[in-house]
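As you go down the protein sequences, you meet chains A and B in turn. Anchor point for the first sequence: position 57 equals 57 in the numbering used here, and the numbering is continuous, going up by one each time. Anchor point for the second sequence: position 120 equals 120 in the numbering used here, and the numbering is continuous, going up by one each time.
Calculated directly from the structure, the hints in this document are not laboratory data. Note that this is a predicted model, so its numbers are computed, not measured. Treat each hint with caution, since some may be false.
Some chain A residues well away from chain B (every beta-carbon gap over 10 Å; in silico) [as the list claims (entries may be wrong)]:
no. : residue
1   : Q70
2   : T75
3   : T77
4   : S83
5   : N122
6   : A136
7   : G140
8   : P149
9   : G170
10  : M171
11  : P173
A few chain A residues that face chain B, going by a derived Cβ cut-off under 10 Å, partial list only [as the list claims (entries may be wrong)]:
no. : residue
12  : R69
13  : A73
14  : A74
15  : Q82
16  : S85
17  : G86
18  : P111
19  : W112
20  : A137
21  : F151
22  : S161
23  : P169
24  : G175
25  : E179
To list a few chain B residues with every Cβ distance to chain A over 12 Å, as calculated [stated by the list, open to error]:
no. : residue
26  : P72
27  : S141
28  : S142
29  : E241
30  : A242
31  : S243
32  : G261
33  : I265
34  : Y278
35  : A326
36  : F340
All C-beta atoms, glycine included, are put in the ideal place defined by N, C-alpha and C.
Here is what each chain is made of, one letter per residue.
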Amino acid sequence: MSLNVYHQPKMMMLKLSLIGHRARSCESKVLLAAAALAMFLPAFPAWAALGGSAATVQADQIHMQGTLRQTTAATYTVHEIQSGSGILVREYVASVGESAGKVFAVAWQGPWPPDMHQLLGNYFDQYVQAAKAQSAARFGRRPLAIDQPGFVMEMGGHPRSFMGRAYVPGMLPVGVRTEDIR
Amino acid sequence: MRTMRMFAVPAILLAFAFLVACGGGSSSSSSSTTPTQTITSSGNNVASISVNGGPEGNYADAAFVSVTVCVPGSSNCQTIDNVLVDTGSSGLRVLSSVMTLPLTQQTSGGSPVVECFPFVSGNTWGPVQTADVEVAGEKASSVPIQVIGDSAFNSETVCSAPQDDVNSLGANGILGVGLFAQDCNASACLASYDVYYACPSASTCTAITEAAAQQVQNPVSFFATDNNGVILELPAVSGSEASVSGSLIFGIGTESNNALGGATIYTADPDGNFTTKYNGTAYPDSFIDSGSNGYYFLDSSLTGITECGGDESGFYCPSSTMNVSATNQGVNGSSGAFTFSIENADTLFNSNDSAYSDLGGISATSAPYYFDLGLPFFFGRNLYTGLQNATYPNGYWAY
Chain A
1 MSLNVYHQPK MMMLKLSLIG HRARSCESKV LLAAAALAMF LPAFPAWAAL GGSAATVQAD
61 QIHMQGTLRQ TTAATYTVHE IQSGSGILVR EYVASVGESA GKVFAVAWQG PWPPDMHQLL
121 GNYFDQYVQA AKAQSAARFG RRPLAIDQPG FVMEMGGHPR SFMGRAYVPG MLPVGVRTED
181 IR
Chain B
1 MRTMRMFAVP AILLAFAFLV ACGGGSSSSS SSTTPTQTIT SSGNNVASIS VNGGPEGNYA
61 DAAFVSVTVC VPGSSNCQTI DNVLVDTGSS GLRVLSSVMT LPLTQQTSGG SPVVECFPFV
121 SGNTWGPVQT ADVEVAGEKA SSVPIQVIGD SAFNSETVCS APQDDVNSLG ANGILGVGLF
181 AQDCNASACL ASYDVYYACP SASTCTAITE AAAQQVQNPV SFFATDNNGV ILELPAVSGS
241 EASVSGSLIF GIGTESNNAL GGATIYTADP DGNFTTKYNG TAYPDSFIDS GSNGYYFLDS
301 SLTGITECGG DESGFYCPSS TMNVSATNQG VNGSSGAFTF SIENADTLFN SNDSAYSDLG
361 GISATSAPYY FDLGLPFFFG RNLYTGLQNA TYPNGYWAY
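Working from the sequences, and respecting the hints, build out all of it.
Now the structure itself:
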């Protein structure tokens with residue numbers, strides 16, 4: 001059972017990113033496709049966001065049943081999704097460089113963490129392994145701090161008040177400071 | 001010099017506590033502003049706690065207590081030691097591997113209710129069951145608790161990175177005695193939070209909305225009396241010590257041994273936070289939490305304190321001891337300055353002690369920055385955690 005669950009999201013992610021490539025010039029079709037998928041698979045655990053294409057932001061919005069707001073900076077766009085249950089997610093999409101059109105960072109705040117399967121996508125397994133390694137290295141309940149060359153993630157707070165962020169250092173467009181990811 | 005009220009305790013404990021008192025007393029005499037701390041050790045509402053490394057012996061900065069769990073309304077009970085005292089969450093969670101009792105499973109629409117409760121250090125995953133919970137002389141009847149890591153339910157589909165055995169948890173359980181009566185929400189815990197699930201089979205689980213009364217409950221709110229909060233009383237620690245002992249006291253102003261006295265009340269906001277000010281900036285997502293094992297605050301760029309590397313990434317590793325001054329401010333406007341020190345975590349851990357007064361690290365995120373005042377903040381303070389009620393709808397801390 002668990003094998004199925006881990007394999008299926010990867011296939012689905014591939015489908016979504018293919019749609020994203022094919023239909024960059026017709027965003028509404030992407031939205032429709034994502035919406036259709038969401039209707040058939042409402043509780044599906046993983047649409048890649050971190051490292052995925054901008055199309056995955058729309059899927060995340062639908063999954064979170066949230067409202068979307070965009071702000072534009074010099075080299076990236078911030079897609080801010082506010083869910084009805086009080087969870088705020090920000091997805092950072094590069095507008096220049098090799099990672100243009102891709103989500104290079106995510107940040108969140110709310111009473112509960114967002115669906116990490118969905119938000120971290122391909123990086124989810126890395127998060128789980130690093131989180132286990134942190135607790136294995138030394139007993140102690142403390143904020144999560146993952147600092148790997150290809151993946152940085154931090155999560156803090158307490159029940160009813162969580163905050164955190166994750167980013168891929170190699171995907172940051174020029175001019176982005178890590179403290180801008182918040 | 002400190003005074004300690006000690007009645008009917010074993011002579012060896014008395015001798016140990018007296019040593020602690022003398023040590024603390026001599027250090028407080030060097031600072032005229034340090035108030036005298038009195039640690040209460042007797043009373044029907046007093047449980048002994050130890051900062052002693054826990055069941056695996058190497059847990060840094062956590063207070064452990066013994067909790068007795070019973071089949072509701074029966075004398076079929078078991079006492080579970082090494083349960084971590086956590087003022088940052090609400091509800092009792094016990095490892096399935098140490099439970100021997102047949103407790104009643106909570107159901108929803110005929111299916112077992114299973115919880116994925118999020119902590120920043122890892123989720124706890126397991127069924128919600130009903131138990132009588134006894135600590136010291138206090139009893140909470142028919143309380144929903146969480147049994148962590150029951151192999152009857154598969155976590156992989158819905159609950160990532162669970163801490164579900166003693167090797168990952170470092171404790172036999174967590175006694176959440178925080179600000180709130182329920183673990184999730186005073187109204188319903190919504191299905192969209194992905195906290196409570198109905199699991200008709202081992203690996204088929206669907207998120208559900210859980211009503212307030214069915215959620216895992218803070219057992220303190222179920223006590224007949226002494227049900228409005230707790231006090232943690234731990235002695236001052238100088239640098240690091242192999243272990244220290246103190247008291248977990250139930251009730252605030254309900255008995256002769258738990259008066260608020262001259263403590264200042266700092267009220268919390270609806271999220272369980274207050275404000276800590278540091279270096280001219282206010283951080284309104286800050287909190288006090290005995291379940292965090294250090295001072296976690298900001299990051300190296302703001303504090304100028306070097307972060308450790310490798311396995312100890314996230315801790316602070318300054319080359320010399322760093323002194324920090326900050327001010328706490330409650331939602332009620334009360335405010336008080338405090339100071340603490342940060343020592344090199346790598347050096348501290350090499351001592352293989354269990355109680356560290358100067359352990360800390362980054363609070364790890366700019367979204368937003370905050371102070372997490374963990375167990376070291378409790379050393380040398382009698383720290384009150386007031387349960388939410390009509391006067392204090394989001395609870396309070398006092399010290």
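Hint-by-hint comparison with the structure:
| no. | hint | verdict |
| --- | --- | --- |
| 1 | Q70 | 18 Å, holds |
| 2 | T75 | 18 Å, holds |
| 3 | T77 | 17 Å, holds |
| 4 | S83 | 7 Å, violated |
| 5 | N122 | 14 Å, holds |
| 6 | A136 | 7 Å, violated |
| 7 | G140 | 4 Å, violated |
| 8 | P149 | 13 Å, holds |
| 9 | G170 | 19 Å, holds |
| 10 | M171 | 18 Å, holds |
| 11 | P173 | 18 Å, holds |
| 12 | R69 | 16 Å, violated |
| 13 | A73 | 15 Å, violated |
| 14 | A74 | 19 Å, violated |
| 15 | Q82 | 13 Å, violated |
| 16 | S85 | 4 Å, holds |
| 17 | G86 | 9 Å, holds |
| 18 | P111 | 7 Å, holds |
| 19 | W112 | 5 Å, holds |
| 20 | A137 | 4 Å, holds |
| 21 | F151 | 13 Å, violated |
| 22 | S161 | 4 Å, holds |
| 23 | P169 | 15 Å, violated |
| 24 | G175 | 17 Å, violated |
| 25 | E179 | 5 Å, holds |
| 26 | P72 | 25 Å, holds |
| 27 | S141 | 24 Å, holds |
| 28 | S142 | 23 Å, holds |
| 29 | E241 | 16 Å, holds |
| 30 | A242 | 16 Å, holds |
| 31 | S243 | 15 Å, holds |
| 32 | G261 | 27 Å, holds |
| 33 | I265 | 20 Å, holds |
| 34 | Y278 | 16 Å, holds |
| 35 | A326 | 17 Å, holds |
| 36 | F340 | 16 Å, holds |
Of the numbered hints listed earlier, those contradicted by the structure are 4, 6, 7, 12, 13, 14, 15, 21, 23, 24.
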